[in-house]
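**Student:** Model the full structure from these sequences, guided by the hints.
Taking our numbering, the leading residue of the sequence shown gets 1007, the next gets one more, and so forth.
By construction, these hints were calculated from the structure, which means they are not laboratory data. Please read these numbers as outputs of a predicted model, since none were measured by experiment. Idealized CB from N, CA, C, for every residue including glycine. Treat the hints with caution; some may be incorrect.
Here are the in silico distance ranges between beta carbons for each label pair [said to hold, decoys possible]:
#1 Phe1220 with Asp1200: 15 to 23 Å
#2 Glu1042 with Asp1246: 27 to 35 Å
#3 Gly1053 with Gln1195: 30 to 38 Å
When the alpha-carbon atoms are kept at most 30 Å apart in a straight line, the in silico DSBU-like pairs for lysine-lysine are as follows [as the list claims (entries may be wrong)]:
#4 Lys1264 with Lys1215
#5 Lys1264 with Lys1301
#6 Lys1271 with Lys1301
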Amino acid sequence: MRRAAVFGTGSALPVRRVSNAELAETVDTSDEWIVERSGIRFRHIAGEGETTSTLATDAARRALAAAGMAATDIDLIVLATATPDQTFPASATLVQTALGIDDCVAFDVAAVCSGFLYAVSVAESMIRAGSATNALVIGAETFSRILDWEDRATCVLFGDGAGAIVLGACEDGRGVLSAKLHADGRHNQLLYVDGGPSTTGTVGKVRMKGREVFRHAVTNLASVMGEALAMADLTSADVDWVVPHQANARILDATARKLGLPPEKVVVTVADHANTSAASVPLALDTAVRDGRIKAGDIVVLEAMGGGFTWGAAVLCW
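**Tutor:** Right under this line is the structure:
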């Protein structure tokens, strides 16, 4: 059976690393307050010359190197982001040009923190159908540029970064075993940006009702992970690693408990990266691959939930 398997991973972070203590110098907060509520200790903030597409390109180059592939081997680029360089064209085309690819399918996916799961599902479907062979699937964000730095309830939670994988056609049993996606637009006002080209003509800022988001996240993530495992004819007992969206350490703990998963099977990087939206899952995935935790043959579950609400999960055999 033709499947889409991961051949390489990569990630990129802005140069500037900001601690909670440094943030507390300009925001009415403290290290203790942030850690207690989120588990976050550091985040990276994009500086001059660092954009969503430059971070995405750096992550893509590292994923290609890990896969042992040249950029010209790629015939599909799907970039998940809520913070594109421009309203149009797609930031994926900027990555394409930066990599020196003259012609391939390239487009963005907008599903906020779930964007990488949506992008994986799209790319996997195209590879399985035979309309693509090798794809770069990227999650990249410069979320710091849409934060209200006077709103301590949100600005302390987010950071910038990018993660990428090379998905390629494979028939040896590896690859994406299942993917399940959801969306429910009735919850728009719980997590959103208060602007846009056709409404205010401005970029807008992130707004969030944290308590309600937390409640929905734990329920939805546990549910969709169960659905994706059932589609692959697996149970939580078969899972070697869960790579979740790194939004909040308390959400990660609560979701693992709800599924009966031991915490040592959950990849957690939120302390170092904060919530990087669509970049969150591939950043954590790259960390776990490069430090040797994720190995060939492992069953790996990716999951995320974001504004919309959107949420999803994918099961892979590594």
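**Student:** Which constraints among the numbered hints does this structure fail? Numbers only, ascending.
**Tutor:** As far as the earlier hints go, not one is violated by this structure.
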